[in-house]
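Given only the sequences and the hints, what does the whole structure look like? Please build it.
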Amino acid sequence: MRAGEPAGERAAARDDAGEGAAAGARHGRHRGDDGAAPGYAPRRTLTVRAEAARQLRRRRTVVTAVLLAVLPLVLVGAFALGDGDTSGAPDFVELATEGGANLALFTLFVATGFLVPLVVSLLCGDPLSSEASWSSLRYLLVSPVPRRRLLRSKLVVALVSSVLAVVLLMVVAYLVGTLAYGPEPLVSPSGEAFDLSGGLWRLAAATGYVLVTTAAFGGFAFLVGTRSDAPLAAVGSAVLLVVVSTVLDQIQALGDLREALPTHFQYAYVGLFQSEPAWDDMLTGGLWALLWAVVAIRLAFWSFGRKDVLS
Numbered sequence: 001m002r003a004g005e006p007a008g009e010r011a012a013a014r015d016d017a018g019e020g021a022a023a024g025a026r027h028g029r030h031r032g033d034d035g036a037a038p039g040y041a042p043r044r045t046l047t048v049r050a051e052a053a054r055q056l057r058r059r060r061t062v063v064t065a066v067l068l069a070v071l072p073l074v075l076v077g078a079f080a081l082g083d084g085d086t087s088g089a090p091d092f093v094e095l096a097t098e099g100g101a102n103l104a105l106f107t108l109f110v111a112t113g114f115l116v117p118l119v120v121s122l123l124c125g126d127p128l129s130s131e132a133s134w135s136s137l138r139y140l141l142v143s144p145v146p147r148r149r150l151l152r153s154k155l156v157v158a159l160v161s162s163v164l165a166v167v168l169l170m171v172v173a174y175l176v177g178t179l180a181y182g183p184e185p186l187v188s189p190s191g192e193a194f195d196l197s198g199g200l201w202r203l204a205a206a207t208g209y210v211l212v213t214t215a216a217f218g219g220f221a222f223l224v225g226t227r228s229d230a231p232l233a234a235v236g237s238a239v240l241l242v243v244v245s246t247v248l249d250q251i252q253a254l255g256d257l258r259e260a261l262p263t264h265f266q267y268a269y270v271g272l273f274q275s276e277p278a279w280d281d282m283l284t285g286g287l288w289a290l291l292w293a294v295v296a297i298r299l300a301f302w303s304f305g306r307k308d309v310l311s
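Numbering (UniProt numbering), first residue to last: 1 to 311.
Keep in mind that the hints are not guaranteed to be accurate.
What the hints assert, rightly or not - Label-pair distances were calculated between CB atoms; the ranges are:
(1) Gly198 - Leu254: 34 to 44 Å
(2) Gly236 - Val295: 14 to 24 Å
(3) Leu179 - Leu254: 42 to 52 Å
(4) Trp302 - Leu179: 42 to 52 Å
(5) Gly113 - Ala253: 46 to 56 Å
(6) Val66 - Val295: 26 to 36 Å
The hints are simulated quantities; they were obtained by calculation from the structure and are not laboratory data. C-beta atoms are modelled at their ideal positions from N, C-alpha and C, and glycine is treated no differently.
Given below as structure tokens:
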């Protein structure tokens with residue numbers, strides 16, 4: 001066993017894969033004219049529901065959800081312990097205690113740069129590389145689960161899990177902020193107050209935009225996860241991409257080339273919180289992020305289809 005591997009998860013993964021392999025062997029005793037076992041249907045192998053159940057049982061899924069749910073409580077505690085002096089602090093910090101909506105916005109603001117990319121990279125880069133590190137990936141493919149179907153199921157579950165994780169963070173932040181500071185309307189740094197519906201749709205749009213821009217890092221982690229049997233390498237590579245992109249974005253000599261960086265438009269959603277929302281930067285940033293994500297995912301499918309995972 002490799003150091004640091006959770007023995008329970010490794011055994012469970014092998015059991016799940018082993019059951020599929022045994023079933024495939026039983027059906028394979030009498031094959032049809034096309035060489036396939038009677039009753040074999042690729043669409044029935046490793047369904048999205050089955051993959052979701054497997055990932056929900058993972059310890060890292062539970063720990064990630066708990067940490068995200070605890071973050072708003074930590075922020076409220078930090079504000080309670082503070083001396084109330086916010087001179088020189090960013091506007092979002094000054095407004096964080098003005099109500100539940102503002103705490104949710106502040107939580108999103110502080111999580112955008114690193115926490116959300118880290119969580120999405122973990123959920124997208126870990127599943128396949130973990131299977132490889134536990135030696136259960138080869139059992140899944142021998143079952144047999146078609147490679148493209150395996151990747152598709154894991155990608156869908158990873159993306160849905162990423163959305164649910166960030167939504168959990170925002171919902172808990174809103175509820176905790178409402179309990180701590182009251183249901184006050186959302187107030188922008190420029191002093192504009194939005195009613196309940198206006199504040200909620202802006203928060204929802206900002207959350208969706210952050211998820212779209214973070215898809216670039218999730219796609220890159222997914223790509224590295226198809227090439228490595230070390231989950232840390234997949235997640236760490238995506239985090240390194242965040243750091244490198246952030247550093248390059250500070251080099252003004254690059255000019256307009258910086259717009260292609262996945263972190264350049266990360267905070268473009270701030271333009272939503274004014275009387276006339278600004279969409280141009282969000283549109284540009286979203287398109288670049290989706291381009292990065294699509295290219296990375298396409299490369300992942302192409303690369304995994306040619307990878308030797310059975311030897």
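Each hint tested on the structure:
1. Gly198 - Leu254: 34 to 44 Å: holds (37 Å)
2. Gly236 - Val295: 14 to 24 Å: Since the Cβ atoms of Gly236 and Val295 sit about 20 Å apart, the hinted range of 14 to 24 Å holds.
3. Leu179 - Leu254: 42 to 52 Å: holds (45 Å)
4. Trp302 - Leu179: 42 to 52 Å: Holds, since Trp302 and Leu179 (Cβ atoms, about 49 Å apart) stay within the stated range.
5. Gly113 - Ala253: 46 to 56 Å: 22 Å Cβ-Cβ, so the 46 to 56 Å window is violated.
6. Val66 - Val295: 26 to 36 Å: holds (34 Å)
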